[in-house]
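Participant: Place chains B and C on chain A using the hints.
Chains A, B and C supply the protein sequences, listed in that same order.
Yeah, the first sequence ends on 352 if you go by the numbering used here, and it's all consecutive.
Yeah, the second sequence ends on 352 if you go by the numbering used here, and it's all consecutive.
Yeah, the third sequence ends on 352 if you go by the numbering used here, and it's all consecutive.
Simulated from the structure, these hints should not be mistaken for laboratory data.
Treat the hints loosely; a few may be bogus.
Note that the list lumps identical chains together, so a pair holds whenever it fits in one copy or between two copies.
Stated by the list, open to error - Dumping the calculated DSSO-like pairs for lysine-lysine here, alpha-carbon to alpha-carbon at most 30 Å:
hint, residue 1, residue 2
1, 22, 335
2, 234, 249
3, 201, 302
4, 100, 62
5, 7, 100
6, 197, 7
7, 307, 7
8, 302, 244
9, 22, 201
10, 18, 197
11, 100, 244
12, 153, 249
13, 153, 197
14, 234, 197
15, 100, 307
16, 7, 201
17, 153, 201
18, 153, 208
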Amino acid sequence: MSNKTNPGNYFEDFKLHQKLVHATPRTLTEGDASLYHAIYGSRFVLQSADSFARGLGFKESPLDDLLVFHTIFGKSVPEISLNAVANLGYAEGRFTKHIYPNTTLRARSEVIGLKENSNRQTGVVYVRTVGLDDHDEQVLSYVRWVMVRKRDPEAAVGEAHVPELTDHVPPSAIVPPNHVRFDTLFDTGQSGSKCFLKDYEIGEKIDHVDGMTVEESDHMLATRLYQNTAKVHFNQFSESKGRFGKRLIYGGHVISLARALSHNGLANAVLIAGINGGRHVNPLFAGDTVFAWSQVLDKAELRKDCGALRLRLVATKNLPCEGFPDKDADGKYPDNVILDFDYWAIIPR
Amino acid sequence: MSNKTNPGNYFEDFKLHQKLVHATPRTLTEGDASLYHAIYGSRFVLQSADSFARGLGFKESPLDDLLVFHTIFGKSVPEISLNAVANLGYAEGRFTKHIYPNTTLRARSEVIGLKENSNRQTGVVYVRTVGLDDHDEQVLSYVRWVMVRKRDPEAAVGEAHVPELTDHVPPSAIVPPNHVRFDTLFDTGQSGSKCFLKDYEIGEKIDHVDGMTVEESDHMLATRLYQNTAKVHFNQFSESKGRFGKRLIYGGHVISLARALSHNGLANAVLIAGINGGRHVNPLFAGDTVFAWSQVLDKAELRKDCGALRLRLVATKNLPCEGFPDKDADGKYPDNVILDFDYWAIIPR
Amino acid sequence: MSNKTNPGNYFEDFKLHQKLVHATPRTLTEGDASLYHAIYGSRFVLQSADSFARGLGFKESPLDDLLVFHTIFGKSVPEISLNAVANLGYAEGRFTKHIYPNTTLRARSEVIGLKENSNRQTGVVYVRTVGLDDHDEQVLSYVRWVMVRKRDPEAAVGEAHVPELTDHVPPSAIVPPNHVRFDTLFDTGQSGSKCFLKDYEIGEKIDHVDGMTVEESDHMLATRLYQNTAKVHFNQFSESKGRFGKRLIYGGHVISLARALSHNGLANAVLIAGINGGRHVNPLFAGDTVFAWSQVLDKAELRKDCGALRLRLVATKNLPCEGFPDKDADGKYPDNVILDFDYWAIIPR
Chain A
4 MSNKTNPGNY
14 FEDFKLHQKL
24 VHATPRTLTE
34 GDASLYHAIY
44 GSRFVLQSAD
54 SFARGLGFKE
64 SPLDDLLVFH
74 TIFGKSVPEI
84 SLNAVANLGY
94 AEGRFTKHIY
104 PNTTLRARSE
114 VIGLKENSNR
124 QTGVVYVRTV
134 GLDDHDEQVL
144 SYVRWVMVRK
154 RDPEAAVGEA
164 HVPELTDHVP
174 PSAIVPPNHV
184 RFDTLFDTGQ
194 SGSKCFLKDY
204 EIGEKIDHVD
214 GMTVEESDHM
224 LATRLYQNTA
234 KVHFNQFSES
244 KGRFGKRLIY
254 GGHVISLARA
264 LSHNGLANAV
274 LIAGINGGRH
284 VNPLFAGDTV
294 FAWSQVLDKA
304 ELRKDCGALR
314 LRLVATKNLP
324 CEGFPDKDAD
334 GKYPDNVILD
344 FDYWAIIPR
Chain B
4 MSNKTNPGNY
14 FEDFKLHQKL
24 VHATPRTLTE
34 GDASLYHAIY
44 GSRFVLQSAD
54 SFARGLGFKE
64 SPLDDLLVFH
74 TIFGKSVPEI
84 SLNAVANLGY
94 AEGRFTKHIY
104 PNTTLRARSE
114 VIGLKENSNR
124 QTGVVYVRTV
134 GLDDHDEQVL
144 SYVRWVMVRK
154 RDPEAAVGEA
164 HVPELTDHVP
174 PSAIVPPNHV
184 RFDTLFDTGQ
194 SGSKCFLKDY
204 EIGEKIDHVD
214 GMTVEESDHM
224 LATRLYQNTA
234 KVHFNQFSES
244 KGRFGKRLIY
254 GGHVISLARA
264 LSHNGLANAV
274 LIAGINGGRH
284 VNPLFAGDTV
294 FAWSQVLDKA
304 ELRKDCGALR
314 LRLVATKNLP
324 CEGFPDKDAD
334 GKYPDNVILD
344 FDYWAIIPR
Chain C
4 MSNKTNPGNY
14 FEDFKLHQKL
24 VHATPRTLTE
34 GDASLYHAIY
44 GSRFVLQSAD
54 SFARGLGFKE
64 SPLDDLLVFH
74 TIFGKSVPEI
84 SLNAVANLGY
94 AEGRFTKHIY
104 PNTTLRARSE
114 VIGLKENSNR
124 QTGVVYVRTV
134 GLDDHDEQVL
144 SYVRWVMVRK
154 RDPEAAVGEA
164 HVPELTDHVP
174 PSAIVPPNHV
184 RFDTLFDTGQ
194 SGSKCFLKDY
204 EIGEKIDHVD
214 GMTVEESDHM
224 LATRLYQNTA
234 KVHFNQFSES
244 KGRFGKRLIY
254 GGHVISLARA
264 LSHNGLANAV
274 LIAGINGGRH
284 VNPLFAGDTV
294 FAWSQVLDKA
304 ELRKDCGALR
314 LRLVATKNLP
324 CEGFPDKDAD
334 GKYPDNVILD
344 FDYWAIIPR
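Here chain A stands alone, though its shape is the one from the complex (with noise of 0.2 Å):
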């Protein structure tokens, strides 16, 4: 192999508080949002006409939140998970900024824990990643781990640290964005939903409903959109031979669509101010049809015009959700069932 590409770091690469700067900053424009549209559908008032989003204060509609994570994450791909074996899960996630089209996003990452698996071929890596904008400003910080092979499982490797993650983020983190007022300027007839903060129950579970089947184009044109990488949503020919046989979906692109589908029932919920924590407990592949329901497992009031609430998302893949398939008392998923993603959201009062 050339010295020339990027052969990706193995676990042996990694080293405690090692800083990582990531590459090819990425400017979002219009384009990007309609990309993002076109491709989950996503019903959103605030994210879809710049006049609501102006009647608020917003100086126009900011894109999708998870635009913005996913393509932060996609450049933490060639760092971090070019030889990953998984992605294991996420915390202590907080989107601090909303970000409008022609902002240049870019990317660093720490490493704030390494322990290698008993197997000693494998180990996992804990990064906290961070998105910065124009001004140096951060956008979004999360913390994620991932297994990622060795180079040679016989290297030896430093004692194992693991980070103390928080459960979840504290609505106290939680800070709503400033010069906007969610209150009676939300117009109701225009989001779809009458139902706000007090509307919703701890505990209550809501089926969203709807499906959505991906296709092999959707899911690599997502992935490409956010220049991740990763090898495996790509290349049929190498994964052909692999685990499953065929092209494994980005994670990201599950949540995404989890999260499209949830607009049926959480219109209000405009925007995602923070991630607990997420799973993908199962893998997703084209021509699966992907379902999804929410239970509400906390909620908060942040301002006069606005709370927030801490949402489950769950979703499935060719099971509808009306009986809220879940893990069981073991704590074990069902086979159809491929995100567990643990999330808070804006929603007026």
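Facilitator: Chains B and C alone, transformed into the frame defined by chain A:
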């Protein structure tokens, strides 16, 4: 089902003269225009080149009229056709304002007719839908009628009312854009055709020659872009058990495909001014190849610089159109004919 | 066939020195740039990040040079290659102006050579095609030659004339953009590579490692975006009865895929300056996976801040490139090699 999700209206839920405000205003941008080009390969010069549009007096290239139509149509689905069996027809469509990128569109409808079917399982709902822009100005209006399921076949419904609809939009109702001149500035080297209003004869038929094969990703990408939520287009899991065993392609996608093909023969018919009628006479599925032919039904001189062609646009699947496949003497269509659409297009004289 | 549709030119229709004005000028926007990213996953930093581009002295990110090339190429299809059997080669390509979003491009061509084949069924047409912007300034020019069917094999044609074409664009003809400096401002942390002109050796081969599987939707979306009307890319109904039994992928799509893959090894070769030659040596079909390797053919120092690499970009299908698959001693290519493309790219010194 949660009371927070939209179950759609059933036939017995509609009231004559009921007014419906549709959710999710949508700002269409250059990004949407690019996607429209990529999805249909449309080549009408007015929508392709800002320089050409400015030469005629437009501010810049307007968005394709059908992109505007599909966006408004999509907004009306949640209230009108979520429980529809079939989209039966269109009439009295008028495009009253041609739209530039960065316009926010919203939609409302009025129920103008209701007629239960004799089996009492379904009924026909007639609505007039209006699209509005940021300035509350009407962009388009059209009537469509759909067959909608009853929730309860036994439910009592009001007296049947079938609206009187005109057979076609009269030329006097067509208003070409002000401050625009389609005269000597209209460069046929750029538009790709030397044929103007005077060159078309009433009765003339034109085979548009080319064919376009449709993939699942293509039509879903388009229909999600329009935020159309009709389940039959997206959910292979449920459709595999349904009427056709597969996803049904949005009828509007067929109109746009046929219109794009019609550039080859009608390149100077650059704006759509009215929809006189339209029927989706057979379904289209992924893998099918769409062909189209047109017939000149009428001509009208509107101003010194431009007139309108009344065109019948017929689309087929897997059947080239050099023989102009058509309904027979009894009005029965061959299985390969999928669309019979009657519209007015503005063309220089 | 109606006299209103374009039958394309047959070999006997072309005259030496004939000038052709191509229809449908096209304004390329941010939306097209986003689609280009989504379709190819290109990661060259100059085209990804406005902030980076501005740092070097560009107004903003220029559009990918190949997006410009494909747009100009697409315009030339209706007059030149609608009745083509094969696109045989390219030469003397020069990118003389790098283009920003919202530029309107148009194209014209001149026939510079004609040679009937001995079977009298076909002939080779050589054209020089020029792309122009809003200011009537030349954006690019290139020669291509195509094998075109005769309408009537018996038709008499003029004397054969094969133009003299240079083997490659001389470095003296490459003009890097003015008002731009590729020096210390070029941040390798952002570009993703530390390798500059001096780090590449003539003769050096680089395997670009990654593979990209192509779906029908992907290549049709791209080729429609370019408003390319060549029938073989879109019409499965007719192609199912044709030479290959399936749709043939636009050769330019292969160039863009291979160029995007070449980022892994050539990340700092951010602009294309010239096309020396190119052959589509085997066809590509949906379902195939594209790989690529490059060889450095030459190096040139253009200014104090930048130079150019003359690169041979070879693409394969379903064959990884660690062995640099190539033509044999007789110049015969293996069936898996699909592209042999020779171009100049600008890179900081």
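Participant: Are the CA atoms of residue 153 and residue 249 at most 30 Å apart within a copy, between copies, both, or neither?
Facilitator: Within one copy only: 24 Å inside, 43 Å across.
Participant: How would you classify residue 201 and residue 302 at a CA-CA limit of 30 Å: within, between, both, or neither?
Facilitator: within (9 Å within a copy, 59 Å between copies)
Participant: Can you tell me if residue 100 and residue 244 fall within 30 Å by alpha carbon in one copy, between copies, both or neither?
Facilitator: neither (42 Å within a copy, 45 Å between copies)
Participant: Indicate which option fits the pair residue 22, residue 201 if close means a Cα-Cα distance not exceeding 30 Å: within, between, both or neither.
Facilitator: Between copies only: 28 Å across chains, 43 Å inside a chain, cut-off 30 Å.
Participant: Regarding residue 18 and residue 197, is the shortest C-alpha distance of 30 Å or less found within a copy, between copies, in both, or in neither?
Facilitator: Answer is between: at 22 Å across copies they meet the 30 Å cutoff, but 50 Å inside does not.
Participant: Using 30 Å as the alpha carbon limit, work out where residue 307 and residue 7 are close: within a copy, between copies, both or neither.
Facilitator: between (55 Å within a copy, 23 Å between copies)
Participant: Go through the copies and call it for residue 197 and residue 7: within, between, both or neither, with a Cα cutoff of 30 Å.
Facilitator: For residue 197 and residue 7, the Cα distance is within 30 Å only across copies (8 Å; inside one copy 56 Å).
Participant: Could you place residue 100 and residue 62 in one of the four classes (within, between, both, neither) given a Cα distance threshold of 30 Å?
Facilitator: both (13 Å within a copy, 26 Å between copies)
Participant: Since the copies are identical, ignore which copy is meant and state whether residue 153 and residue 197 lie within 30 Å (CA to CA) inside a copy, between copies, both or neither.
Facilitator: For residue 153 and residue 197, the Cα distance is within 30 Å only across copies (25 Å; inside one copy 52 Å).
Participant: State whether the alpha carbon distance between residue 7 and residue 100 is at most 30 Å within one copy, between copies, both, or neither.
Facilitator: The answer is between: 29 Å across copies meets 30 Å, while 36 Å in one copy does not.
Participant: State whether the alpha carbon distance between residue 7 and residue 201 is at most 30 Å within one copy, between copies, both, or neither.
Facilitator: Only across copies: residue 7 and residue 201 sit 13 Å apart there, 57 Å inside one copy, limit 30 Å.
Participant: For residue 234 and residue 197, with the copy left unspecified, which applies at a CA distance of at most 30 Å: within, between, both, or neither?
Facilitator: Result: close only across copies, 23 Å inter versus 43 Å intra.
Violation of the numbered hints given earlier is confined to hints 1, 8, 11 and 17; the remaining hints are satisfied by the structure.
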